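K.L.:
Single-letter residue listing:
Protein chains: 2
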Amino acid sequence: MSSDAPAEVRPRVAVVGAGFAGLHVARGLAKAPVEVTILDRANHHLFQPLLYQVATATLSPDQIAHPIRAVFRKQENARTLLADAQAVDLEQGRLSLAREDGGVDHLDFDYLVVATGVTHSYFGHDEWAEHAPGLKSLEDALEIRRRVLRAFELAERNPADADSLLTFVVVGAGPTGVELAGALAEIARKSLRREFRSIDPTSARILLVEGGGRVLPAYVERLSESAKQQLESLGVEVHIGAQVTQVDAEGVVVRMGDLDTKERIESQTVLWAAGVRGSSFADKLGVELDRSGRVPVTADLSLEGHPGVFVAGDLAVIDGESGQVPGVAPAAIQAGKHIARQIGRELEGRSREPFRYRDRGSLATIGWARAVADLRIVRFTGVTAWFAWMAIHVAFLVGFRNRLFVLLGWAWSYVTFRRGARLITKPEADEPLS
Amino acid sequence: MSSDAPAEVRPRVAVVGAGFAGLHVARGLAKAPVEVTILDRANHHLFQPLLYQVATATLSPDQIAHPIRAVFRKQENARTLLADAQAVDLEQGRLSLAREDGGVDHLDFDYLVVATGVTHSYFGHDEWAEHAPGLKSLEDALEIRRRVLRAFELAERNPADADSLLTFVVVGAGPTGVELAGALAEIARKSLRREFRSIDPTSARILLVEGGGRVLPAYVERLSESAKQQLESLGVEVHIGAQVTQVDAEGVVVRMGDLDTKERIESQTVLWAAGVRGSSFADKLGVELDRSGRVPVTADLSLEGHPGVFVAGDLAVIDGESGQVPGVAPAAIQAGKHIARQIGRELEGRSREPFRYRDRGSLATIGWARAVADLRIVRFTGVTAWFAWMAIHVAFLVGFRNRLFVLLGWAWSYVTFRRGARLITKPEADEPLS
Chain A
27 MSSDAPAEVR PRVAVVGAGF AGLHVARGLA KAPVEVTILD RANHHLFQPL LYQVATATLS
87 PDQIAHPIRA VFRKQENART LLADAQAVDL EQGRLSLARE DGGVDHLDFD YLVVATGVTH
147 SYFGHDEWAE HAPGLKSLED ALEIRRRVLR AFELAERNPA DADSLLTFVV VGAGPTGVEL
207 AGALAEIARK SLRREFRSID PTSARILLVE GGGRVLPAYV ERLSESAKQQ LESLGVEVHI
267 GAQVTQVDAE GVVVRMGDLD TKERIESQTV LWAAGVRGSS FADKLGVELD RSGRVPVTAD
327 LSLEGHPGVF VAGDLAVIDG ESGQVPGVAP AAIQAGKHIA RQIGRELEGR SREPFRYRDR
387 GSLATIGWAR AVADLRIVRF TGVTAWFAWM AIHVAFLVGF RNRLFVLLGW AWSYVTFRRG
447 ARLITKPEAD EPLS
Chain B
27 MSSDAPAEVR PRVAVVGAGF AGLHVARGLA KAPVEVTILD RANHHLFQPL LYQVATATLS
87 PDQIAHPIRA VFRKQENART LLADAQAVDL EQGRLSLARE DGGVDHLDFD YLVVATGVTH
147 SYFGHDEWAE HAPGLKSLED ALEIRRRVLR AFELAERNPA DADSLLTFVV VGAGPTGVEL
207 AGALAEIARK SLRREFRSID PTSARILLVE GGGRVLPAYV ERLSESAKQQ LESLGVEVHI
267 GAQVTQVDAE GVVVRMGDLD TKERIESQTV LWAAGVRGSS FADKLGVELD RSGRVPVTAD
327 LSLEGHPGVF VAGDLAVIDG ESGQVPGVAP AAIQAGKHIA RQIGRELEGR SREPFRYRDR
387 GSLATIGWAR AVADLRIVRF TGVTAWFAWM AIHVAFLVGF RNRLFVLLGW AWSYVTFRRG
447 ARLITKPEAD EPLS
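As they're listed, the protein sequences go chains A and B.
Start counting the first sequence at 27; every next residue gets the next number (this note's numbering).
Start counting the second sequence at 27; every next residue gets the next number (this note's numbering).
What the hints contain is simulated information worked out from the structure, not anything from laboratory work.
Any given hint could turn out to be false.
Stated by the list, open to error - Taking lysine-lysine and the BS3-like style, the derived pairs with C-alpha atoms no more than 25 Å apart in a straight line are:
id, chain 1, residue 1, chain 2, residue 2
1, B, Lys100, B, Lys363
2, B, Lys57, B, Lys100
3, A, Lys452, B, Lys452
4, A, Lys100, A, Lys57
5, A, Lys100, B, Lys216
6, B, Lys57, B, Lys452
7, A, Lys100, A, Lys363
8, A, Lys363, A, Lys57
9, A, Lys216, B, Lys100
Just so we're clear, the structure is a prediction, and the values are computed from it rather than from any experiment.
Using the sequences plus the hints, can you model the full thing?
P.N.:
Pasting the structure below:
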């Protein structure tokens, strides 16, 4: 090709959201004849499976987050934009991006991939959000870390209030709830031991409250039972079939299923891991959403009637061979790669393939040397599952530095029982000392 | 002593502020027959000499901060309180601590040590603060990091605004200003290279504006000149004798001393390293402060007329043999140890000694392999000074983990030219993606 040939006009692919799905769409298009723009409201890709370790002070934010821009440094057909997508015109192929000054920028596309994920759902009780933060972003994790560490500090100052300050309630016993509850128990029983003079942190109560019939409901029953026992061995009080009916600044009200009685639990620190709903960008697509605000897609992950628009990751409702594809990182990665492949095929004049989710199993950790693993061909619990969990999570982290520092951080915590990131940082800047 | 002897009533020492001075008072009293309470508004001791590396994305907050409570885990005569000291009654020996609920707790003391440090001074122009953040706390550092990284992101989105977005002004050429300017130049010239598609980060302007006659005015002239040359070799524009007369959202106005002309510099990112004033707690002591709101002390570092009240660290105005003792970490550490020793002597019935500052020299870093060192017996610059700077700073960090992780972080940055903590985190929690 002569060097003064006119620049080839390449199809423009816009990817909204740089989570696992979005990142793998953009990476998968590295060699395709397209121009990729990847947009996110944050400047970093977040390794969400380890986010609870930031919330519980074992890891620092930079260990599990990687600048999106750095991921695509060498991918010349990709550019990264820090941007908040506000609206989309699917007919025109045009995104509207909010500007700082209140104005709007436009971004035209030939293909659109929506991978904006999910956010917390309070089942119609949005007023609970301020009392019971959820865990989706780095900011959420820092807020939870702040509340947990502050509760111990306030109890030391006012031992008379220690009962409610040292009661921690985690709502929802999926993987995140289980991980948070286990880590809270370890903070109280091990990390903070002997550091207080007026209170005994080991006396803290950690309650895990689950409305359904067992912890880790997506796992086989034997592993659910093991997870419950491992939690209880750490001193977590597990309440099954217990529905939260109220959350306020002083605690929660729980309806205990089997007894049909309501119980009030006084707690200054309630964490929400109970439900998710599609992010608000889903509303802009003009399609009917499912009950939790997520987007149903066709077999190739495109939007019904809009073959150039794909939805991937937790936001997509995907029917798999054995029910809905779960909202987990491996599914998002597979969906991202699938979409990149379909765009590539189409540009080569080949037909699309349906998406096939390959479930390679799942792992959840409960604490140091405590975990459950279901690798389909084999299921195991305890320290072996925990090592498998660590190995897999480090392998999937983005960036060599993150892998090295996470491993070192874990090694240090494991040897010392200490947590490396026990900082209370205020959300708003303030003068340093009174 | 029989175990059921009545508990001995020990003198109570209250230490307000857990910076270098406060920490060393409390540690120095470990074997004294006293009860120590150390108060701080933050839960961590901050290693301020490396704070600029958090602001410029090389280190993460947890690498230079250590929970105060963890420092005193094994010191049984010390307790730590997260508290905001609002007022003090020197006659009664009573501190008032603000409560969350608006009320007040009291803390009685026999000895009081005030080590609340200094904050930024805008020379009567407090309205400049929002446009030109200073660098004293972790929150300050994260705010500066956010502004710097965002400026590059916004420029990529709106290349038409790149001129003012990629102009960074650092006001004040003391050690902090020099370190910030050098690090900004390295971010632009090295760390971000090849990551942008619409702008060239290496074209960023970094201006260091100093009202006085030279950079690093506390150093000998030869080192000031070397520092200036090292900054210029990194591409920093150094303006000497240049007084800032206005700061607003779009930039600064500078009066160039030799020309007596005013020049407007359009800049979205102005950082303040120009002046400090005593923290507000100094006002509560009922003594006359110096022009910058700091507290004059007697020869033994106590308050005139109040032998049981000491002031230490940057807040104290201490007359040394060669002028005022500078506001640097080694001076604060020495003052803290001195005060602990005096309290110990007094309880043994011995007389007090005057404080003697031992100046062992000073070092300032400009960038990778660029620094100046004045160790009194020998002065040197460049890579040797830089290694000396690194060795001394790591040696004085609190906590083994911090030392290890800072060293590893530096090694990684040095090999790759990358920065490990390039995260924009929002000050307020928000939903993850649009």
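K.L.:
Going straight from one Cα to the other, do B:Lys57 and B:Lys452 come out at no more than 25 Å?
P.N.:
44 Å, violated
K.L.:
Check whether the Cα positions of B:Lys100 and B:Lys363 lie no farther apart than 25 Å.
P.N.:
19 Å, holds
K.L.:
Starting from A:Lys363, check that the Cα of A:Lys57 is at most 25 Å away, please.
P.N.:
Within the cut-off at roughly 13 Å; holds.
K.L.:
Between the alpha carbons of A:Lys100 and A:Lys57, is the straight-line distance 25 Å or under?
P.N.:
12 Å, holds
K.L.:
Keeping to a limit of 25 Å between CA atoms, is the pair of A:Lys216 and B:Lys100 held or broken?
P.N.:
15 Å, holds
K.L.:
Need the status of pair B:Lys57, B:Lys100: alpha-carbon distance at most 25 Å?
P.N.:
The hint holds at about 12 Å.
K.L.:
Do the alpha carbons of A:Lys100 and B:Lys216 lie within 25 Å of each other, as the hint requires?
P.N.:
Holds, at roughly 15 Å.
K.L.:
Taken at face value, is the distance from the CA of B:Lys452 to the CA of A:Lys452 at most 25 Å?
P.N.:
Judged against 25 Å, a Cα distance of about 11 Å means the pair holds.
K.L.:
Are the Cα positions of A:Lys100 and A:Lys363 separated by 25 Å at most?
P.N.:
With a Cα-Cα distance of about 19 Å, the restraint between A:Lys100 and A:Lys363 holds, given a limit of 25 Å.
Consistency with the previously given hints fails for number 6 only.
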